[in-house]
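Participant: Required output: the full structure, derived from the provided sequences and hints.
Going down the list, the protein sequences come from chains X and V. Numbers 6 to 403, taken from our numbering, label the letters of the first sequence in order. Numbers 415 to 627, taken from our numbering, label the letters of the second sequence in order.
Hints in this document: simulated from the structure, not taken from any laboratory. Glycine residues also receive a C-beta, built at the ideal position from the N, C-alpha and C atoms. Please note that the accuracy of each hint is not assured.
Away from chain X, derived, C-beta distances all over 10 Å, residues of chain V [said to hold, decoys possible]:
1. Val453
2. Tyr468
3. Gln571
Straight line, CA to CA, 25 Å or less: simulated DSS-like cross-link-like pairs of lysine-lysine [what the hints assert, rightly or not]:
4. X:Lys401 / V:Lys486
5. V:Lys486 / X:Lys311
6. X:Lys329 / X:Lys83
7. V:Lys486 / X:Lys396
8. X:Lys11 / V:Lys534
9. X:Lys245 / X:Lys96
10. X:Lys243 / X:Lys334
11. X:Lys262 / X:Lys71
12. V:Lys553 / X:Lys11
13. V:Lys483 / X:Lys401
14. V:Lys420 / V:Lys483
15. X:Lys243 / X:Lys52
16. V:Lys534 / V:Lys486
17. X:Lys396 / X:Lys329
18. V:Lys440 / V:Lys420
19. X:Lys243 / X:Lys219
20. X:Lys219 / X:Lys311
21. X:Lys329 / X:Lys95
22. V:Lys420 / X:Lys311
23. X:Lys96 / X:Lys243
24. X:Lys243 / X:Lys71
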Amino acid sequence: MSLSYKPIQPLLQTSGNASSRWFSYIGLGVGVLLLLCSVQMFVNIQKLLKEGSIRKDGHDYVSITKIITNETMGQPEKNLFHEPDIEDVKKQPFIEGVSPLISNDFRVKLSAGNMLPFSTDMFLESLDNAFIDTIPPNFQWQPGQQEIPLILSSDFLEIYNVFAPGQGLPQVSKETAMGIPVQITCYGRAFEENQFSGRIVAFSDRVNSVLVPKSFLLWANEQFGNKTTLQASRLFLKLKDANDPQLIQYLDAKGYKINRDKTLLGRNKIILQAIFSGLGVFGILVVILALMLFSFYLQLVIARSKESLQLLLTLGYSPRWLSKNVSGKFIPVYVFIVLAALGCTQIIQWAFHRFVMFGRPELSSFVHWLVLLIAVSLIALSATVNYRMVKGLLNKLY
Amino acid sequence: MQLTLKNILPTYFEQGRKQNSGIWGKDLHFSNGDLIKIVAPSGTGKTSLIHFLYRMRIDFEGSIFYDNKPLKHFSNEEIANLRRNQLSVVLQDMRLFGEQTLFQNLEIKRQLNPFHPPEKIAEMAERLGIATRLNAPAKNCSYGEQQRAVIIRALLQPFDFLLMDEPFSHLDEANARKAMELIMEEVQLRRAGVIFAELERVDFFPATQFIHL
Chain X
6 MSLSYKPIQP LLQTSGNASS RWFSYIGLGV GVLLLLCSVQ MFVNIQKLLK EGSIRKDGHD
66 YVSITKIITN ETMGQPEKNL FHEPDIEDVK KQPFIEGVSP LISNDFRVKL SAGNMLPFST
126 DMFLESLDNA FIDTIPPNFQ WQPGQQEIPL ILSSDFLEIY NVFAPGQGLP QVSKETAMGI
186 PVQITCYGRA FEENQFSGRI VAFSDRVNSV LVPKSFLLWA NEQFGNKTTL QASRLFLKLK
246 DANDPQLIQY LDAKGYKINR DKTLLGRNKI ILQAIFSGLG VFGILVVILA LMLFSFYLQL
306 VIARSKESLQ LLLTLGYSPR WLSKNVSGKF IPVYVFIVLA ALGCTQIIQW AFHRFVMFGR
366 PELSSFVHWL VLLIAVSLIA LSATVNYRMV KGLLNKLY
Chain V
415 MQLTLKNILP TYFEQGRKQN SGIWGKDLHF SNGDLIKIVA PSGTGKTSLI HFLYRMRIDF
475 EGSIFYDNKP LKHFSNEEIA NLRRNQLSVV LQDMRLFGEQ TLFQNLEIKR QLNPFHPPEK
535 IAEMAERLGI ATRLNAPAKN CSYGEQQRAV IIRALLQPFD FLLMDEPFSH LDEANARKAM
595 ELIMEEVQLR RAGVIFAELE RVDFFPATQF IHL
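Facilitator: Following this line, the structure appears as structure tokens:
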């Protein structure tokens, strides 16, 4: 049907109340701009704060402890993670894996034997191998084995090298340290001494501890220790993103603390995301208000042109065709407004990348596809809303 | 097309009206080619009947069927189809777009479902004597001119039934005869039926059936 809208158009009284139409156009433009910019900034924040943490296989590893307060100070029970705590942590969707740091439940003394006149009370911990960044193949222990492989925190060696000269001890390199055999003395329940020899097989940047194979510590705790249930003062977490705001909220709520705060960025991220979420919500509200204002304008147009529209329907014009054409007349304006807002967003993003972020590679000078998608959806949404409203009003004219 | 009336009566009429009426409360059946003259004095519901048949009002009891489909079940879109393809009307109160010229008024109707080319508008206007008024806004035309334009408007589309409600009320007999001649030509061209409601007998309408409302 080659039906033309041209002779119909003069029948609609669109001239009156132009101010409310212009207000709604401006409102729509501002609202869409706010919304698109917020979404783009949201994407920028996600991209920027994904970098900058120690990663293995694309994951972040952190250890957590309970925050020791004045109230819990004297009660070690309250500062340890118990089985239910661990189960709860495991259940969180943003935590990919949990391994408790099991520590020795008996007294341990470490000495450097004859080579260095150095002896200290010590602690030993163990962790699932999957959580350790440097695992040499000889980091294994079977019952009856006299030599225990050790993985030492790189920080500990640094601290030793800092205080060694003052104590009259020689400073050692990593390689030398790995060559020094150490004596490990474990004291049993009746304070009997059990001698083992130890050897440092690797240094870890990630785990702040003296690590022994898990099989040894489980065996030794059973042999020499007193407790039977699993307790850990530290948990090691495998995370998708250490800056995940959900993780930080969870840890804060539980009273857990991350060692070496890798989540500082994450805390900023929460604030930034909150600001841009707020702006985005404000943008949505402005868009809704503008659409409402425009719908009032359309209602007015239809009310003023009621007689003409009624006559068109009487003559046999289809309400669907009329709604499509009456509301469709405004689609080019909508497309223009949304494209203008999209253009502004693109300029802002380019300027942000160029002048604020100095071309950081993780960001793009172009708007994210999500922003384009939202722009297209907004056009579709406003066209649909207007079409449905006009059709509803026309159907009432029968 | 079949048009069936079953026991209809405006809801604002008392039941007693059914007794002396040839339409109210009766079962009637019309089809293409029927030329029905309904003679109805003022106040007997002539305009109501035409409005019911064109579904401009639905405040009646009983049922109207087009091809066995109850008119009350037609969707608005189906009503638009019916008015575009099968049912044409000449209303007593004319209803033209006052700001548009007579030609524009006619073209708005013609383009909806062209049965005739645009040239036919001028030809018909010439026959009814309003050719010189085609470019005048409808509001500036006399009732007689408007009425002739409305008659032409009804003849620009295809139809199976033509409904007419006092179509010559503003015309003298000579003009009315010319209009009737044109109407009958167009009706025969389409092998359509006519339902013609008028106050008095009009002897120049070749009715096949007279009904008193």
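Participant: Decide, hint by hint, whether the structure agrees.
Facilitator: Right, here's what the structure says about each hint:
1. Val453: 26 Å, holds
2. Tyr468: Nearest chain X Cβ is 8 Å from Tyr468 of chain V, so the label is violated.
3. Gln571: 7 Å, violated
4. X:Lys401 / V:Lys486: OK: Lys401 of chain X and Lys486 of chain V at ~16 Å, within 25 Å.
5. V:Lys486 / X:Lys311: 23 Å, holds
6. X:Lys329 / X:Lys83: 69 Å, violated
7. V:Lys486 / X:Lys396: 20 Å, holds
8. X:Lys11 / V:Lys534: 21 Å, holds
9. X:Lys245 / X:Lys96: Distance of about 14 Å is within 25 Å: holds.
10. X:Lys243 / X:Lys334: 56 Å, violated
11. X:Lys262 / X:Lys71: 6 Å, holds
12. V:Lys553 / X:Lys11: Given pair Lys553 of chain V, Lys11 of chain X holds - Cα atoms ~21 Å apart, limit 25 Å.
13. V:Lys483 / X:Lys401: 23 Å, holds
14. V:Lys420 / V:Lys483: 12 Å, holds
15. X:Lys243 / X:Lys52: OK: Lys243 of chain X and Lys52 of chain X at ~20 Å, within 25 Å.
16. V:Lys534 / V:Lys486: 35 Å, violated
17. X:Lys396 / X:Lys329: Answer holds: Lys396 of chain X to Lys329 of chain X is near 8 Å, not above 25 Å.
18. V:Lys440 / V:Lys420: At roughly 6 Å apart (the allowed maximum being 25 Å), Lys420 of chain V and Lys440 of chain V satisfy the hint.
19. X:Lys243 / X:Lys219: At roughly 18 Å apart (the allowed maximum being 25 Å), Lys219 of chain X and Lys243 of chain X satisfy the hint.
20. X:Lys219 / X:Lys311: 83 Å, violated
21. X:Lys329 / X:Lys95: Given that 25 Å is the threshold and the Cα spacing comes to 55 Å, the pair is violated.
22. V:Lys420 / X:Lys311: Since the Cα atoms of Lys420 of chain V and Lys311 of chain X sit roughly 33 Å apart, the hinted pair is violated (cutoff 25 Å).
23. X:Lys96 / X:Lys243: 13 Å, holds
24. X:Lys243 / X:Lys71: 17 Å, holds
Violated hints for the displayed structure, listed by number in ascending order: 2, 3, 6, 10, 16, 20, 21 and 22.
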